[in-house]
Amino acid sequence: MPALPFGHAGKYVAAAYIVFFALVLIYVSIMAVKLSRMERELAELNELADRRLESGSPAAPPASSPERTSPPDPTSRPEQPERTPAPAAGGPR
Amino acid sequence: MAIVALGGFVAGGLMAIQHLRTRDARWDVRSYVTIHLSLIFALGVLITGSIWARASWGHWWVWSEPTLVSFLIITLLYATYQPLRFAIEDRERQSRYASVFAITAGAFVPLNYVAVRMAQSFVHPRVLGTGNLPGKMWLTFAVALAGVTLVYLTLWKYEMTAKNASAQLRALRRKLAGGEDFEQVPTRRSAAPDLVPATESLS
Numbered sequence: 001m002p003a004l005p006f007g008h009a010g011k012y013v014a015a016a017y018i019v020f021f022a023l024v025l026i027y028v029s030i031m032a033v034k035l036s037r038m039e040r041e042l043a044e045l046n047e048l049a050d051r052r053l054e055s056g057s058p059a060a061p062p063a064s065s066p067e068r069t070s071p072p073d074p075t076s077r078p079e080q081p082e083r084t085p086a087p088a089a090g091g092p093r
Numbered sequence: 094m095a096i097v098a099l100g101g102f103v104a105g106g107l108m109a110i111q112h113l114r115t116r117d118a119r120w121d122v123r124s125y126v127t128i129h130l131s132l133i134f135a136l137g138v139l140i141t142g143s144i145w146a147r148a149s150w151g152h153w154w155v156w157s158e159p160t161l162v163s164f165l166i167i168t169l170l171y172a173t174y175q176p177l178r179f180a181i182e183d184r185e186r187q188s189r190y191a192s193v194f195a196i197t198a199g200a201f202v203p204l205n206y207v208a209v210r211m212a213q214s215f216v217h218p219r220v221l222g223t224g225n226l227p228g229k230m231w232l233t234f235a236v237a238l239a240g241v242t243l244v245y246l247t248l249w250k251y252e253m254t255a256k257n258a259s260a261q262l263r264a265l266r267r268k269l270a271g272g273e274d275f276e277q278v279p280t281r282r283s284a285a286p287d288l289v290p291a292t293e294s295l296s
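Chains as they are written, first to last, in our numbering: chain A, 1 to 93; chain B, 94 to 296.
Isolated chain A, as found in the complex (with noise of 0.2 Å):
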């Protein structure tokens, strides 16, 4: 099949360019959102072993052994506490 002309190429050559970019960035604009997600979550947690402080109430309860390096299964997790309003998230501290 003959080549066609770069001067009728060179516009393919930039969409392909395009697409190569717009992959790229809607990659990064999901990890994005999942490392704000995550900040977010920091600030929930900062504030509430704040509040634990200030009550001096202890910050860890004895949930699961010290020599555990690995999460438990979530399925296998105790019965869940109940849903309750998550504190307003602060910004870092």
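It is worth saying that the hints were derived from the structure and are not from the lab.
Built from N, CA and C at the ideal position, the CB exists for glycine as well.
One thing to keep in mind: the hints can contain errors.
Calculated pairs, DSSO-like style, for lysine-lysine (alpha carbon to alpha carbon, straight line, at most 30 Å) [as the list claims (entries may be wrong)]: (1) B:Lys268 / B:Lys250; (2) B:Lys250 / A:Lys34; (3) A:Lys34 / B:Lys268; (4) A:Lys11 / B:Lys229.
Just a sample of chain B residues kept apart from chain A, beta carbon distances all over 10 Å, derived [unchecked claim]: (5) Thr160; (6) Val193; (7) Met211; (8) Leu238.
Fit chain B to the known structure of chain A by using the hints.
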């Protein structure tokens, strides 16, 4: 991009071997991220490759060309990786089966590459190792290959770090759980590996 994607598939298979040998969940996560990224790159190859083919050959896709069709087959093969993981609820079995799949499919990649090179080419030129690539084009090719490889490695590190941070966060959430004012989010069923040491870095 195609070379990096195929290399990633093979690397994912090697990491899966390590996972089966050591039973270390971190290798499963590495293999998962590697295959996940390679699949995205493979999708990019199919789209941009078609555009390039239109510019170079005047056709979006040539079904009689073994290079194109074999790459499509490999992409479709790896497209079943995530549904396979998602279909298995037990995390231990999920990681084991996924590793077996990654090894089998990873072995298929170089075999496929050799078979394609032995087959008759219709339109796709054979340039690597045949002396058909002029010196200036080699330089351009090497720079492009290095660039795409670096993009791949950067994104790999990015995703591994995100997974590690997420695991640490879950561990922290679990430690703090038990307070009445704390919202516990139940872990959803997922194709992504979960068993991650909370105190160690993944990457």
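(request) May I ask you to check that Thr160 (chain B) keeps its beta-carbon over 10 Å from the closest beta-carbon of chain A? (result) Its Cβ never comes within 10 Å of chain A, the nearest being 14 Å, so this holds.
(message) Would the hint linking Lys11 (chain A) and Lys229 (chain B) be met if the CA-CA limit is 30 Å?
(response) holds (23 Å)
(message) If I take the minimum Cβ distance from Met211 (chain B) to any residue of chain A, is it greater than 10 Å?
(response) Correct as stated: the minimum Cβ-Cβ distance to chain A is 22 Å, above 10 Å.
(request) Could you grab the alpha-carbon distance between Lys250 (chain B) and Lys34 (chain A) and see if it respects the 30 Å cut-off? (result) Given that 30 Å is the threshold and the Cα spacing comes to 15 Å, the pair holds.
(request) Measure nothing beyond the straight line between the CA atoms of Lys34 (chain A) and Lys268 (chain B); if it is 30 Å or shorter, mark the hint as holding. (result) At roughly 22 Å apart (the allowed maximum being 30 Å), Lys268 (chain B) and Lys34 (chain A) satisfy the hint.
(request) Find the nearest Cβ of chain A to the Cβ of Val193 (chain B) and say whether that gap is larger than 10 Å. (result) With a cut-off of 10 Å, Val193 (chain B) remains clear of chain A, as the shortest Cβ separation is near 21 Å.
(request) Hey, is Leu238 (chain B) genuinely clear of chain A, shortest beta carbon separation above 10 Å? (result) Consistent with the label, Leu238 (chain B) stays out of reach of chain A, its closest Cβ about 14 Å off (over 10 Å).
(request) Sort out whether Lys250 (chain B) lies within 30 Å of Lys268 (chain B), counting only the CA atoms. (result) holds (27 Å)
Figure legend: structure checked against the earlier numbered hints; every hint is met.
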